[in-house]
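Please model the entire structure based on the sequences and the hints provided.
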Amino acid sequence: MSVETTAPAVAGAVDKEVRRLDRVIIRFAGDSGDGMQLTGDRFTSETASFGNDLSTLPNFPAEIRAPAGTLPGVSSFQLHFADHDILTPGDAPNVLVAMNPAALKANIGDLPRGAEIIVNTDEFTKRAMQKVGYAASPLEDGSLDGYHLHPVPLTTLTVEALKEFDLTRKEAERSKNMFALGLLSWMYHRPTEGTETFLRSKFAKKPDIAAANIAAFRAGWNFGETTEDFAVSYEVAPAATAFPPGVYRNISGNLALSYGLVAASRQADLPLFLGSYPITPASDILHELSKHKNFGVRTFQAEDEIAGIGAALGAAFGGSLAVTTTSGPGVALKSETIGLAVSLELPLLVVDIQRGGPSTGLPTKTEQADLLQAMYGRNGEAPVPVVAPRTPADCFDAALEAARIALAYRTPVFLLSDGYLANGSEPWRVPEVDELPDLTVRFAQGPNHTTEDGTEVFWPYKRDPHTLARPWAVPGTPGLEHRIGGIEKQDGTGNISYDPANHDFMVRTRQAKIDGIDVPDLQADDPDGARTLVLGWGSTYGPITAAVRRIRAQGGHIAQAHLRHLNPFPPNLGEVLTRYERVVIPEMNLGQLATLIRAEYLIDARSYTQVNGMPFKAEQLATALKEAIDGH
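Residue numbers (my numbering): 27 to 658.
For the record, the hints were derived by calculation from the structure and aren't laboratory data.
It should be emphasised that the depicted structure is a prediction, and the values quoted were computed from it without experimental measurement.
There may be inaccurate statements among the hints.
Claimed, not checked - Result set (DSSO-like, lysine-lysine): computed pairs, CA atoms no more than 30 Å apart in a straight line:
id : residue 1 : residue 2
1  : LYS231    : LYS157
2  : LYS189    : LYS42
3  : LYS231    : LYS319
4  : LYS157    : LYS196
5  : LYS232    : LYS189
See the structure below:
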């Protein structure tokens, strides 16, 4: 982190030094009821409006309300922002805001020496410290001597700032996160107008609460301006060169995916139907799409996962762009209906926001362990295309791509995001409408086959010679009545068939349809003719790319390629892999893509894996890749 020092910016202000930084990593941490996610969201929004590049990592307990003051109950929000292009939320925070002893203890291990720690001293009571195993106060026993410690009585200062309001002490204390936000906004010269507008809107029906939160926010700013404990503030310039011209906004993966689904339905000129059952971390998509009825979106919150996908498949039969959203445990429940969609050959998007498993597992933590389930998790031969976004903003484009495949090839498609992408955020350039793909669909309108006696009939399984897709006949179209169901169909007519040769033919035809999907070639980033390739998929893109940049900056040679299409693979993938002596595949599972690559291309791909519920750190990956380059 480079630093530049300047004189005080405002004439007559307190004589405080201003340092210019190229990037900062901040982590807000506290109880799950302390408002850390809201605090982080607001700081992120102001940072985005200021023009910095950014990446975030929200991290919260699995329990809806974990026991207060305990380590399992700590909620945190990490933000990395910079004056240049960045790809990850950062490996280690430069600043930790700890609202209680549990937050300090849970996060101190991630901080480098010399980092700044702002602690709410009001919460460091003997009982609270004992609850997390502190025998003595870490603020006084010298254990934090290697850090820049800022003890601040946040609760007391907040209550004092709000004494003119008609609030109970407990009500006033709830605004301490806004005090902390004001202080950090002063420290890093963040805009304030957006947060004040947000608070007025959020508490529009409770103007006294809105005014109190704004007062706490301003008090935090003023505290930073006047206290002697904070002698330095920091500036991080906008990332002017990181972004092509355009209109930008901060966006999370789930929000980008939701917008991508709406855009796909408009580009296809089809109504969008979502059949879903709430499940972490996919529920935000249901919440968001329910707001967009004006775009022809219908959302159905079903009583369970099976009903959700059943309704979606019915909507697909009826002519809608049909979607069902879930996470890994829900995919298991939906598997039979996904197989039915394969047999019916209808377009259906299955959005899996992966989380830690198995079973209920780690509902609020991230993982990439559903790849083999998406590939093979159905009875019989039931091939399904698989598409994976690589960043939060890329979820928009991945949704459009999944819709393209589903509509053009009449097949269910898996869209594999994960909790890291879903909850994380980054700047997103809002595309122009004419940049979006044309997804227009032609429904069957009449007979498509002539029998031997010259009769014109409709065959529901007569295929397009290029895509092998069957016609999509909307119920109610005269003359296009046809039978559907899970029993094997006769080629062409769609009648029930138990003929062994027909079943063999239909199985091979459905596989050939998926194998023949048009996907672009894989592009390898290899400026130096490297001998080692790092291959990734999904959300590992950011950490892998950051690690590759570090290696190249140190003079190392390494190539990088990242897969969006996991079934079918890009047609040139085998040729790309054989260019390199070593192929390393980092994954947040136990090596599922590596298993597929070894089986398909017979190369000795090396796995580098972790399944701890957190994304890779760039330095961790860089170390592993250096060892691979050196042949270890």
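Going through the hints against the structure:
For the hint pairing LYS231 with LYS157, the CA-to-CA distance comes to about 38 Å; that exceeds 30 Å, so the pair is violated. Straight-line distance between C-alpha atoms of LYS189 and LYS42 comes to about 29 Å, which keeps the hinted pair within the 30 Å bound. Note on LYS231 and LYS319: the hinted pairing holds, with a Cα-Cα distance of about 25 Å set against a maximum of 30 Å. The suggested pairing of LYS157 with LYS196 holds, with an alpha-carbon distance near 21 Å, which does not exceed 30 Å.
Between LYS232 and LYS189 the CA atoms are separated by roughly 18 Å; this keeps the pair inside 30 Å, and the hint holds.
Checked against the numbered hints above, the structure breaks only hint 1 and satisfies the rest.
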